[in-house]
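Asker: Take a look at the letters that make up each chain.
Number of protein chains: 2
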Amino acid sequence: MTKSIEFYFDFISPYSYLAFKKTKSLKVKSSINFIYKPILLGGLHKLGGITAPAFNERKMKNMKNDCILIAQKNNIEFIWNSKFPINSLDIMRGYLSIENEFKEKYFEICFNAYWKNDLDISNSEVINNILEQCKLNKKKFFEKIKNEEIKEELKELTNNAFKNDIFGAPTFVVNKKIFWGQDRLEYALDECKN
Amino acid sequence: MTKSIEFYFDFISPYSYLAFKKTKSLKVKSSINFIYKPILLGGLHKLGGITAPAFNERKMKNMKNDCILIAQKNNIEFIWNSKFPINSLDIMRGYLSIENEFKEKYFEICFNAYWKNDLDISNSEVINNILEQCKLNKKKFFEKIKNEEIKEELKELTNNAFKNDIFGAPTFVVNKKIFWGQDRLEYALDECKN
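Just so you know, the sequences run in chain order A and B.
Heads up: the first sequence runs through residues 1 to 194, numbered per our numbering.
Heads up: the second sequence runs through residues 1 to 194, numbered per our numbering.
These aren't lab readings, by the way, just hints derived from the structure by calculation.
Among these hints, one or two may not hold up.
What the hints assert, rightly or not - As a list, the in silico DSSO-like pairs of lysine-lysine whose alpha-carbon atoms are at most 30 Å apart:
| id | chain 1 | residue 1 | chain 2 | residue 2 |
| --- | --- | --- | --- | --- |
| 1 | B | Lys176 | A | Lys83 |
| 2 | B | Lys177 | A | Lys73 |
| 3 | A | Lys83 | A | Lys116 |
| 4 | B | Lys176 | B | Lys140 |
| 5 | A | Lys139 | A | Lys64 |
| 6 | A | Lys176 | B | Lys22 |
| 7 | B | Lys83 | A | Lys177 |
| 8 | A | Lys135 | A | Lys146 |
| 9 | A | Lys163 | B | Lys73 |
| 10 | A | Lys163 | A | Lys103 |
| 11 | B | Lys83 | A | Lys176 |
| 12 | A | Lys177 | B | Lys151 |
| 13 | A | Lys73 | B | Lys103 |
| 14 | A | Lys176 | B | Lys3 |
| 15 | A | Lys155 | B | Lys61 |
As the structure is a computational prediction, the values presented were derived from the model and not from experiment.
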């Protein structure tokens, strides 16, 4: 039986990128189905009264070293983004605005752009380039992400995550159990056996 | 050659307890020397402008579940302390006040009392019992922990940790590199090979 893991993410989160890369090698080997759940990490932190590590000098320094080390240990291509943190609102709304068939490609290209290729995914030229790679219509994309419905949807998804005790990214949910952080991917996978 | 890992701890920290239990099985197999570095976690958080997970509803809930799960996966006896968090000032000052030959035993008994036996290690009767097990003189102990010198020493150790970019517990330091959290014990051990 195929088991599902909900994977809460924001493209801005380096640990979400690292977790995603780990899942890529897993998916080949196992029958786990990842359901990607977009949230706005900044909004979620605000709701939870949490100061992100990016805004604490020591935590930021540690996070950078830690991510580089995790990438090395897991053979993941990774560059600490020179523009971290950015506003991920447009690119996250974009994920919601596109048709389902494009989501997986968009998901991977956005993560790679930010955490592998050191691009600023809040920049419209960079977004244009991502859309070209995904063969998505640019005009339609930029219209849609300004749409009130899309704006509300991302807000609601973030609010719902908060209501379900989620406070960071990546977060994995299996059997209603919450596993926070790329370090807990293995525990989430274990939970799939139950 | 025996390699050393500095292990920053506070008895109040559940992840420090879990890391300590992991090292116990390691020490038998390897030639790693752990140098215990007491710090006051509350003070360190204050210096770093960090709100401890214990004071955030969602983080607290997650931390409890997470610790229980880590203990299960690693066959570590663990009970979430019913009085968490407490003031660890006396018991931490105590670690500094006793002679070196007693430190290892005191270290283990304090951690077990708080995270295995659900005792309140800020309570003087519980401390009395710990001192009896360590064969330490109670009168001398309670006099010493009120000593200005001991108070200053713990403050200075915490300030020094902060100056060296440490912001949480457990933290491992090897070759001047910082590894934060029980999840990074393995990385710290890998670093010993360099």
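Asker: Starting from Lys83 of chain A, check that the Cα of Lys116 of chain A is at most 30 Å away, please.
Answerer: 13 Å, holds
Asker: Take a quick look at whether Lys163 of chain A and Lys103 of chain A sit within 30 Å of each other, Cα to Cα.
Answerer: Satisfied, since the Cα-Cα distance of roughly 25 Å is no more than 30 Å.
Asker: Does Lys177 of chain B pair with Lys73 of chain A here, judged by a C-alpha cut-off of 30 Å?
Answerer: 16 Å, holds
Asker: Between Lys177 of chain A and Lys151 of chain B, does the CA-CA distance stay at or below 30 Å?
Answerer: Judged against 30 Å, a Cα distance of about 43 Å means the pair is violated.
Asker: Lys155 of chain A and Lys61 of chain B were given as a pair; does the straight-line alpha-carbon distance stay at or below 30 Å?
Answerer: It holds: about 24 Å lies between the C-alpha atoms, which stays within 30 Å.
Asker: Holds or violated: Lys176 of chain A with Lys3 of chain B, Cα cutoff 30 Å?
Answerer: 43 Å, violated
Asker: Starting from Lys176 of chain B, check that the Cα of Lys83 of chain A is at most 30 Å away, please.
Answerer: Given that 30 Å is the threshold and the Cα spacing comes to 27 Å, the pair holds.
Asker: Quickly compare the C-alpha distance for Lys176 of chain B and Lys140 of chain B to 30 Å and report which way the hint goes.
Answerer: Roughly 36 Å separates the two Cα atoms, so the pair is violated.
Asker: Holds or violated: Lys83 of chain B with Lys176 of chain A, Cα cutoff 30 Å?
Answerer: Status holds; Cα separation ~27 Å.
Asker: Given the proposed pairing of Lys83 of chain B with Lys177 of chain A, does the C-alpha separation stay at or below 30 Å?
Answerer: With Cα atoms ~25 Å apart, Lys83 of chain B and Lys177 of chain A stay inside 30 Å; holds.
Asker: Hinted pair, alpha-carbon criterion (30 Å max): Lys135 of chain A, Lys146 of chain A. Please report holds or violated.
Answerer: Between Lys135 of chain A and Lys146 of chain A the Cα gap is close to 20 Å, so the pair holds against 30 Å.
Asker: Check whether the Cα positions of Lys73 of chain A and Lys103 of chain B lie no farther apart than 30 Å.
Answerer: This hinted pair is violated, its Cα atoms lying about 35 Å apart.
Hints 4, 5, 12, 13, 14 from the earlier list are contradicted by this structure; the remaining hints agree with it.
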